[in-house]
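2 protein chains.
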Amino acid sequence: MKIELENVEPAQIEARSFEIITEELGEFPLIPGTEPIVKRCIHTSADFDYAKNLCFSDNVVSLAIDAIKNGASIVTDTQMGRAGINKKKLARYGGTVQCFMSDKDVAEAAKTNGTTRAVASMDKAAALGEKFIFAVGNAPTALVRLYELIREGKLDPHLVIGVPVGFVNVVQSKELIMDAEVPYIVARGRKGGSNIAACIVNALLYMME
Amino acid sequence: MKIELENVEPAQIEARSFEIITEELGEFPLIPGTEPIVKRCIHTSADFDYAKNLCFSDNVVSLAIDAIKNGASIVTDTQMGRAGINKKKLARYGGTVQCFMSDKDVAEAAKTNGTTRAVASMDKAAALGEKFIFAVGNAPTALVRLYELIREGKLDPHLVIGVPVGFVNVVQSKELIMDAEVPYIVARGRKGGSNIAACIVNALLYMME
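Just so you know, the sequences run in chain order A and B.
Under our numbering, the first residue of the first sequence is numbered 546, with each subsequent residue one higher.
Under our numbering, the first residue of the second sequence is numbered 546, with each subsequent residue one higher.
Keep in mind that the hints were calculated from the coordinates and are not lab data.
Please note that the accuracy of each hint is not assured.
Cβ-Cβ distance ranges computed for the label pairs, FRET-style [claimed, not checked]:
(1) Ala652(A) with Ile548(B): 28 to 36 angstroms
(2) Ala556(B) with Gly734(A): 21 to 29 angstroms
(3) Asn552(A) with Asn615(B): 34 to 42 angstroms
(4) Glu697(B) with Arg561(A): 21 to 29 angstroms
(5) Thr579(A) with Gly734(B): 20 to 28 angstroms
(6) Thr567(A) with Pro577(B): 39 to 47 angstroms
For every residue, glycine included, the Cβ atom is placed at its ideal position computed from N, Cα and C.
Required output: the full structure, derived from the provided sequences and hints.
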């Protein structure tokens, strides 16, 4: 078998990828203004399901961009999500990315309360009293806890990116957060991941350039 | 709509997820000995395509486990992949995870040679003369470079985990590496990612317990 490589300059690889994605999406209907986010999720996963499963609350994209512009910081539920976010671009506006999952006090609180560390790390974020953007790519328990904190009036985030992945309470946690009266970007169903969480944040950052 | 959460203890979530995956895979034929890797990729992505697209060279799982046991280190092509690997478990055997993508000399070499940084970081790894495990979850150019280095006799890895994701030369890069006479674990086609690269390494580590 002859394997032929396409000759694309390094700087053009991403643009060429987005061309292919746009071509293959064809006439598939996307919500105006959300296209760069949907396409970047497909770019990150090579999975066209994201054209169907991504859900956006009203005006969430402009809300998110305003928040970032005004220096909002981002809380993730994994170090992987943290690693994937373009921290240099975020820092231009004053924001940082925080992940409390490896913190000693989070491990202790989780043990004491019989919760996941993800729950304890959302509690820690809430206790800081700052208005954050949450990017949850792994733990449905984190998303459920955000729902509870918001409903109890203990947390008021700019928005919640709710894209945990998996099989136990993942589907439900996403339906809950879409019912929480908080701006959201959610990948409905089982799919998502830390990479998807990071790429949604990055898509927002790249839309601001 | 009533949203009901399944009551699963934090410590049991992963086991319950694997039960569901096993149930839904049903009688789907997997290569004996590779099941924990395939199932962990599905666990990480909620994408059952990995049951079909993962390719393993002969005895690669036992080869990989032996290499890790003997202290092999891992080179990734993203900081996200690095972040996702269980470094504590790997350290038990003496291995570390290295990612050269943010190194200054790599950025300079890429610029000088008109390559991607991923290519330059593979060259840097090769120049170290160490027998590594490569875990490529993002850049097909990295995988193509590994193929060239192996064919030119400049690199002799323990194995290559080849799971870049995307649309430009991704499919081809994986076919090349499977043709390179190196032990491999490859996700054939467009799918993969840094999360998948990390989870394959973790699956190997958890099989060793």
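Hints versus structure:
| no. | hint | verdict |
| --- | --- | --- |
| 1 | Ala652(A) with Ile548(B): 28 to 36 angstroms | holds (29 angstroms) |
| 2 | Ala556(B) with Gly734(A): 21 to 29 angstroms | holds (25 angstroms) |
| 3 | Asn552(A) with Asn615(B): 34 to 42 angstroms | holds (40 angstroms) |
| 4 | Glu697(B) with Arg561(A): 21 to 29 angstroms | holds (27 angstroms) |
| 5 | Thr579(A) with Gly734(B): 20 to 28 angstroms | holds (26 angstroms) |
| 6 | Thr567(A) with Pro577(B): 39 to 47 angstroms | holds (42 angstroms) |
Consistency with the previously given hints is maintained throughout, with no hint failing.
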